[in-house]
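A.B. asks: Spelled out, the chains give:
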Amino acid sequence: MRSMWWAFADGARHARGRVDDWLVGEKHAVRAAAVCRIGTGLAVLGLLLSNVSTRGMWVGQASVWAEPARAVSRFPELALLDGVSSDILALVYLVTMLATLAFIAGWHAKAANVVTFLGFIAIVAQNPVVSAPGDDLIRLTLLWMLLMRSSDHWSLDARRRGRRLAAGEGAAREEEALPPWLSTGLHNVGLVALCAQTVLASMAAGLDRVAERPWQQGTALYSTMQLPEFRPFPGLSDLLSQSTILLAIVTYGVLLAQLFFGPLLLNTHSRRFVVVLAVVVNAMLAVVFGLPWSTLSTIAVTLLFVSDATWERLEDAVLLATQPVTDWLGDRWYDVLDAVDGLRYRLVLPAVDWVRFTVLRR
Amino acid sequence: MAIVAVHLASVTLAALPPNRYSDATRAQTAYLDPYFTQNWRLFAPNPIAEDRSLLFQGAYIDDDGRAARTAWVDWTAVELDLVQHRLIGGRAGYVTNKLVSPLRARTAALDAGQRLVVTGAPQADPPTWTALSSQLEAAGTPRESALGLVRYERVATQLGTDVLESRYPDLDLTAVRYAVRRQPVVPYAARSGSAAERAAARPAATDEIGGWRRLTPGSAAERAAVRDFDRDHR
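First to last, the sequence lines map onto chains A and B.
Here the first sequence stands for residues -10 to 351, numbered as in this note's numbering.
Here the second sequence stands for residues 171 to 404, numbered as in this note's numbering.
Pulled out of the complex, with its shape left as it was, chain A reads as follows (with noise of 0.2 angstroms):
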């Protein structure tokens, strides 16, 4: 019995040691970070762009019929827009986009990830009536995020790093403000919630459907595909709903790919498989339903699951595929260059010259 205490114990100190080793040792998918930050962005940027144009009906003076909804509300941010004219949502709307727009270039993104997050809340939970899941899954990642180090590829900030450590600098002040051991066990905890968080939410939404009979009986999406708020495309609807066994494609694989998300990603080849179903389930969503940025912030999300090997292996691929296009447009800036630097010569130095020794001369 002694022993077998003993045997536990130990087996639990080597659990422990090899949870603390992962946490605190490396920095785990910072590309698959990147992309989630990159797409998470985009589906910010998207729906504020698609809004700009009824943003006073949406979220503005003109949302009145939000407001019982809005009374129960307990985001902080919504005092930020409380009874504002229209100039200062314009301003808050404003900043957010170029807030969102510098977090997708991964320029300063962590003070990036801050203000969308906080003008996400402000704008988007003006209107709770109106709201979508993917409001919610948006609001979770960008809070997540802002433990993880999503800008070490593929932004602006990290072309920044390789520049100064070329040139022999340290890291930039702000890059520098945790201990390694902190910074990097933040952004592994940040990614394990958000990744747990991911799996939570397809898991909630495939047990709420699978008890309900017209989901186990493929059916279940035809009633939707009739309402005219989700058949962007009436034909394609009608397409769908009209044939037996495409409609049941398509709902079984809603329930299946949320259904059985977590579970299938504890293989690599059943992880590999259900990411792709994932991201096929969101996209066909996406264009029959007219839901393009619950989808994608939904797709940001699952590509977290997306190794950090494939990604660099998929960036080999396209830096090689583009290479031809980038050598291109290289050759072609040069030669905007030279016209440009020609245009000096032929044109401004010689106006100077002339300044210089008519005008001035006097």
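Among the hints, erroneous ones may be present.
To be clear about the criterion: a stretch of chain B counts as covered by chain A if any three or more of its residues have a C-beta under 8 angstroms from a C-beta of chain A, and this derived list gives those stretches [unchecked claim]:
{"hint": "1", "stretch": "247 to 254"}
{"hint": "2", "stretch": "263 to 277"}
{"hint": "3", "stretch": "324 to 334"}
{"hint": "4", "stretch": "353 to 361"}
By construction, these hints were calculated from the structure, which means they are not laboratory data.
Positions of the beta carbon are idealized from the N, C-alpha and C atoms, including for glycine.
Following the hints, put chain B in place on chain A, whose structure we already have.
C.D. replies: Only chain B this time, still in chain A's reference frame:
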């Protein structure tokens, strides 16, 4: 990491479909509101199977001094212009469609007498909001329910007033009311028929018409936004 693990357990309890364990731990998971609240019920558990529209009608005195009514304005149809035939629609395209549920939920809880107070207000003399609240409470509606109902009635009336004033700028409107129109979609069994057959198989629309309310115009900026929206999408 332990804190995150406990937090994720709380999130799991809060996000799962309704169950006894989530109910029992509601007090412990209350801290999740607002930042960690989540709802993953898109098209679930049972997708909505009916079109829902909000319509507005105005009352006015015509040139002969008689009480008259405008045609019904289907505001939901105006909003849907933002959604239909567009991959990237706007959130303002779903407004009244989503407003129908809370509006109906609040009247569904009323008994026949209380419902008569809500729907029976006359065109010639619509009640003030205070009078409507008092009448509801006198009919036995709990104060909180009455306040919630009046709050939604008020915002629907305010939107209706803005819409009708935009649509009929030359009329001297005296009252406004709304109707909720519901029409189930074409039954699944009839989905393969021709367009005419599907239209014939579709159950008829039903209208739930509210009582007359006093004009409740919004701010100048609000009215301008509604007017611009109506002009662009009607």
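A.B. asks: So, for every hint listed, does it hold in this structure?
C.D. replies: For each hint, the structure was consulted:
A count of 4 residues in the stretch 247 to 254 of chain B with a Cβ less than 8 angstroms from any Cβ of chain A is obtained; the coverage claim is therefore met, three being the minimum. Three residues within the 8 angstroms Cβ limit are the bar, and the stretch 263 to 277 of chain B against chain A gives 8, so the coverage statement holds. Figure legend: the stretch 324 to 334 of chain B, annotated as covered by chain A; annotation consistent (5 residues with Cβ-Cβ distances under 8 angstroms, at least 3 required). Judged by the Cβ-Cβ criterion of 8 angstroms, the stretch 353 to 361 of chain B is covered by chain A as claimed, because 4 of its residues qualify and three suffice.
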